[in-house]
Amino acid sequence: MPDYDLEKLDDYRWQIPKTGGMRVPARLYATEAMLEDILSDDAPQQAANVAHMPGIVAASLAMPDIHWGYGFPIGGVAAFDPDDGVISPGGVGYDINCGVRLMSSTLTKEALDRRDTERLVDALFRRVPTGVGASGALRVDPSTLPQVLRNGAEWAVGKGYGSDADLDVIEEGGQVDGADPDAVSARAKERGLDQIGTLGSGNHFLEVGYVSEIYDDEAARVMGLHEGHVTAIIHSGSRGFGYQVCDDALSDMDKAMNKYNIELPDRQLACTPIDSPEGQKYIRGMRCAINYAFANRQVMAHNTRLAFEEALDVPPREHGLQTVYEVAHNIAKFETHRVNGHEQEVCVHRKGATRALPAGHPLVPGRYQHVGQPVLIPGDMGRYSYVLVGTETALDETFGSTCHGAGRKMSRRRARKTAGNRNVTAELANEGIIVRGESRRTVTEEISEAYKDVADVVEAVEGAGLSKKVAQLRPLGVIKG
Amino acid sequence: MPPDTPDWFHEIDHTGDIGIQVTAPTLPQLFERAALGMFRLLTDLDSVHTSESTQIAVDGRDLEALMVRWLSELNYRHTVDNVLYGTFEVDSIHETEDERVLSATVRGEAIDPDRHTVYTEIKAITFHGLDVHETDGGWAVQVIFDM
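Those sequence lines, one after another, are chains A and B. Residue numbers for the first sequence follow the numbering used here, so the first one is 1 and each next one is one higher. Residue numbers for the second sequence follow the numbering used here, so the first one is 1 and each next one is one higher.
In short, the hints are calculated from the structure, not lab data. Backbone N, C-alpha and C fix where the C-beta goes; we use that ideal spot for every residue, glycine too. Keep in mind that a hint or two might mislead.
[Unchecked claim] Computed beta-carbon distance windows for the label pairs:
#	chain 1	residue 1	chain 2	residue 2	range
1	B	114	A	178	30 to 36 angstroms
2	A	409	B	115	54 to 60 angstroms
3	A	369	B	98	51 to 57 angstroms
4	B	4	A	359	58 to 64 angstroms
5	B	46	A	141	34 to 40 angstroms
Start from the sequences, fold in the hints, and give me the full structure.
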């Protein structure tokens, strides 16, 4: 049984009060119906553990898709004071700047028959390497890699992968300053040379779908989302480069924690003061990984366009694939927020949580200024995904953050057992969804039943006022690792 | 669990990630079995020929850090050098004032897509819930991987 109390604040808010070594309370966003699932693992305890960390401000937050992670829960948000707070690689995760890009097309679902979709998915599968250790979309030499690490998606666009119009609608413009390739180990760099433009394995995917429902006409119109029109979603991160940056930093910080007299309930929460040498080194290296992931998704977006052109034999103007937005959901950034009534800079850690800024916020791109920042919430491969926008409530309560996805409800092994000898690919094909996976095992592990219904998660964030629904997307074809 | 699962190995079935629990009569064997357990998650060990041998040395400030460094080193080499390992011999575990050093000989071969299936990708070996400890009959550890 959990050794914490959970107080109900309202229909969508729950709180673990500050007790023992907690410096702030932990607050959880969820509907009552979701609680049983959430309380069945240690995730709320993990949110309470995060509340012990030095310099945490306001509250340790958990989004409705919270589930057990190592150290920080997945779906966790925590902000730290830059003067007396800490930075924690575990609060970002191994896959630094894992994120989602949404693209919209002028093609309609009706314009694609079954064979078109199959050709398209096959072309995507050829052009976007997937699976364990996927490599080979683009290899850079060691002298070029630092440019990727400093310039992110800008580097990719400069090399002809996409256009400036893409950069305008990527979080941070697809590039963060302060990335220092010298802060990154030779091992991380080696892992980074041949994985740009690759999807990876696990829950990463590239999905072609269509807009199935619109909830907010004006926001959808501004985003170029029209009912029945084709879309593409890319979910991936910084690949082996990011894992290595995180691994190296955890090892450094694990050694350094004693020096700073930091004691925590879980060693995986390893952290050091933001302005310590170890903290600054991690921040500089993490920013390299953030830029690496931006470049990775930019190259995949470009290759997605080429796949449309090849498979459907159309010129670019006929598919009209443009980037709607790209969000990061594993990241730490310095942002200005209201804390206890005052504006201040804080270091926001989002691990499996998405930034969600309201209309009028200066960081929202011009074309979305009057509707708010688009938020992309992918579901499982058999059901649907959602497009939301950020709100003032999110800015006030969650450092401008919301959920990031459905969250698993079955372990990978239980999913395989549940699927048994079923041919998952054939079942999905019967429902009109073409799936290509590098491994049959991955496809089996990613069956719809293994995930929570993302509609429940979205209902909870909308009910709490953290985001507003704009549109629902349904899949036509998916490539998996 | 396959029928040939040894009694010293137990896979922890967790929603998001995967872990292993391993026991062994001695500390060096615990490190060897933890490595075997990790590679069981990655591939069918019967398919791996142990024709090439490599020396590995890692250090850590305590046994937990040493376990993370050991498994991380093997996973790094597996990922970057495209190899699979099938046997692990820990030659020594030295203890100095502020660190432990492990030396080992590991054997395996380059991945051949015609003969090997790599089931999954281990992103990292975590410190979460990691505890190398002595038991009545020897040693035990639980390791959680980020998949």
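Structure-inconsistent hints, enumerated in ascending order: 1 and 2
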